[in-house]
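Work out the full structure, taking the sequences as your base and the hints as a guide.
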Amino acid sequence: MNLFLNQLVNGLHVGSIYALIALGYTMVYGIVKLINFAHGDILMVGAYTAIVTLVSLNWPAPAALLAAILMCVLFGVVIERIAYKPLRSSPRISSLITAIGVSMLLQNAALLIFGAQSRPFPTLLQVPPLRFLGLQVSFITVLTVAVSALLMVILQVFVKASKAGKAMRAASEDYNTAQLMGINVNTTITLTFAIGCALAGIGAFLYVMAYPAVSPTMGSLPGLKAFIAAVLGGIGIIPGAMLGGFVMGVAESLTKAYISTQMSDAVVYGILIVVLLVKPTGLIGSLSREKV
Amino acid sequence: MNKKTKAVVLNLLAIFLFYTVVTALILTGTMNNYLSNILITVLITVIMTASLNVTTGLLGQLALGHAGFMAIGAYVSAIFTKSVAMGFGLSLPISLLLGGLVAALFGMLIGIPALRLQGDYLAIITLGFGEIIRVIIENLSVTGGAAGLTRIARMSRAFSEDRALSSAIQFTFVFFITALIIASIFTLGRSRHGRAIISIRENAIAAEATGIPTTRYKLLAFTIASFYAGIAGGLFAHQTSILNAKMFGFNKSIEYLVMVVLGGMGSITGSVVSSVVLVALPEILRGLAEYRLIIYSLLLILMMLFRPKGLLGTKEFSMLGAWERMEAFFRRVFKQKQAQTRMPFQPRYDVWENKPVLETHKLGIAFGGLKAAENISIQLMDNEIVGLIGPNGAGKTTVFNLLTGVYAPTEGQVVLMGKPVQGRMTHQITMDGIARTFQNIRLFRSMSALDNIKVAFHSRMRYSTFSAIIRNSRCLSEERGIDVRARELLRVFGMEDLADVNAGSLPYGQQRKLEICRALASNPKVLLLDEPAAGMNPSETSELMQTIKTIRSQFSVAVLLIEHDMRLVMGICERIYVLNYGCVIAHGSPEEIRSNPEVVAAYLGQEQAELAQKEADDA
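Keeping their order, the protein sequence lines are chains B and R. Residue numbers for the first sequence follow our numbering, so the first one is 1 and each next one is one higher. Residue numbers for the second sequence follow our numbering, so the first one is 1 and each next one is one higher.
If you're looking for bench data, these hints aren't it; they were derived computationally from the structure. Take every hint as true, because none was put in to throw you off.
With the C-beta cut set under 8 Å, the calculated list includes, among others, these residues of chain R facing chain B:
(1) LEU62
(2) PRO113
(3) TYR121
(4) ILE125
(5) ILE136
(6) PHE250
(7) MET304
(8) PRO308
Even for Gly, the Cβ is constructed at its ideal location relative to N, Cα and C.
Now the structure itself:
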């Protein structure tokens, strides 16, 4: 029972990071219908920014976090303007390939600048693990889950209640009509990328606190998993990304504990396949059928 | 010899020359092992890319797990040659075929559930399956687990004791397999099966309504692609001599997808060109060491920004158009006589005078609590033109969707020529004799007008996929037959000059006409026209009225049409059904309908109707 609860908590920890990254995928997809393959590498950009500012420049942790967020936002917005915006009216697969190109570019540029070897991330918090109902929970886990949950609530409120959030929802519903209603779609898309990347920046910081190794390809796997989480929950839907992230994280850590470490990826993909087959639009996606 | 035939002969000569020169270079040892190895990699990549293009380019479905099928083929083939005691020259071809078949089997098993999804969701699910294949291979003992397989016979050594000779045989072997596969994709693409696959890419709903069993063809394309990927995998295994599941990850699938898109989705020659370039490019850039991949990815981005549709778009080199000319040329050379022209077989309908060809009994459908259509009983006599009118949202198109099986009715039934069509799929209903057009035109836009019609002849042709690939006389004669028929049909509509124009670039009025023409090509007994006059000016509408009358007498069909243009409806319909809120509120001759108070009320509102009635009475 204790093992189970521990794994559940671990799952929530990983899952909340997946959810943060998945939000970036899902928000971008919701508006421009683009699977932004470079999003995982934005995570890597954030991690390198954090490690450079912390270790080489000796900045305090909050300043490093801020730098990571800003760098991610900068990268996200610039990539959107240069690489994705010109392709908005092209076939969707063209922008998908461009995204793959951007992802390769980021990885190889990092490889050139920082080298292939992974760098250890310094330990920032020396807090003893919390004891809780006979469970031992590390402080980072609590912090990660709490920060992610808070951010998701803020995001949800922002999207539902603010004017910019309303513009985002309108643009994701129907891009062209939103334009006709006087919404500046370009600004809205930039904002979407910025928010998504800021969340990835925070996610990056939380990720390297848990897995303290920074390397050029570190973003691929969490990126892919977060993306799958977004699809699992129903891509384009913000609560879907959160749910998908948590489901992925918990499923992964329970499989590792009870079935097999090697097979954990297979189980995760298996869950994805079953969900998509039973409910093709994800856990909480709704079906939009083409009108004949 | 005309210019194009010359071009083909030159192409063939070039291919042959290329082959001979390379073989000679290998035999004399001028081309070292490193270079010939790259060449083999190029050829294997060509197979992978061209086969992925069948799914992604021709069928139009994004697949992200292609490397998984390559892995299956590679492992099956390697395990086979490692475990049987046979001469390599025999065991290799068998193992490749086996690898291809097992990969095809998996392709089919995965395709059956996965192909119900579309677009990005299909992409993700294929990604998932591809990764699962990889993880499972990594954890099986027969595949060597995480360590993988080693000491697989190497083609560059196993064919012969002599290194140079073995390399040359390897090149010959791989070169001809690649050539055969590419040729088969070409011939398949130009057959009725290929047209069916492409029509799904263009418009799946229209394809189904034109008589294409879309589910089956999606599966066919997916299975063929997996089969070829399996063969490529087998070749790969015997090129590298070691296998590891990590070689076939998600990134590998992406790599092939990139090549397909860069070459142009739907262009097989584009795939060939991009495979050659993208395999060679990193090798050429090798001198630049660490900048290599940066340049590569920058080129990728720039390429997409400036040519979003890829190098060749959906176009092919001279080869595609010239294929038939080449055949004609060889026929002349070998004095073979031309294949016969076999006309498509015509379904025979019983003479059905004075009985309804189409009847519905209390037909209805509810979406959740909303009854979109209710208690609809209509009859259509042979050779009759009947109108279906009603205000917006009355459920007219819903009735069409019920008649054609797009929606399954929740109550009542449809009877076509005395037989209930309950539970039939849309494409089967089309073959039974109901054809339709769509309110918002659904043509196969990037196919020629002629090919649009030919798709509709699909169900009346009989030649198999295999005939299509080898282009035997059966295939050729049937193709010639439908070419004649399709052109005849275009001539009836005065569109014979537009046969080779892409449907998407036709003017609006012609597109409407082409859609009617395509519906007629499936030889229907009942033709459903959904707002044929929408967007037409008065003179075009008059022309359309004439056309509909001509169709009725020439093709002996009953016409049921939805239309808002009252001049057209009153002008040509013999009877009219009026629909409001999903129910038939009136039915009768145009005169009866015009003076029916309920109908006037439905269109103008109760108050206005009373006013109109009063005015009529006063007058």
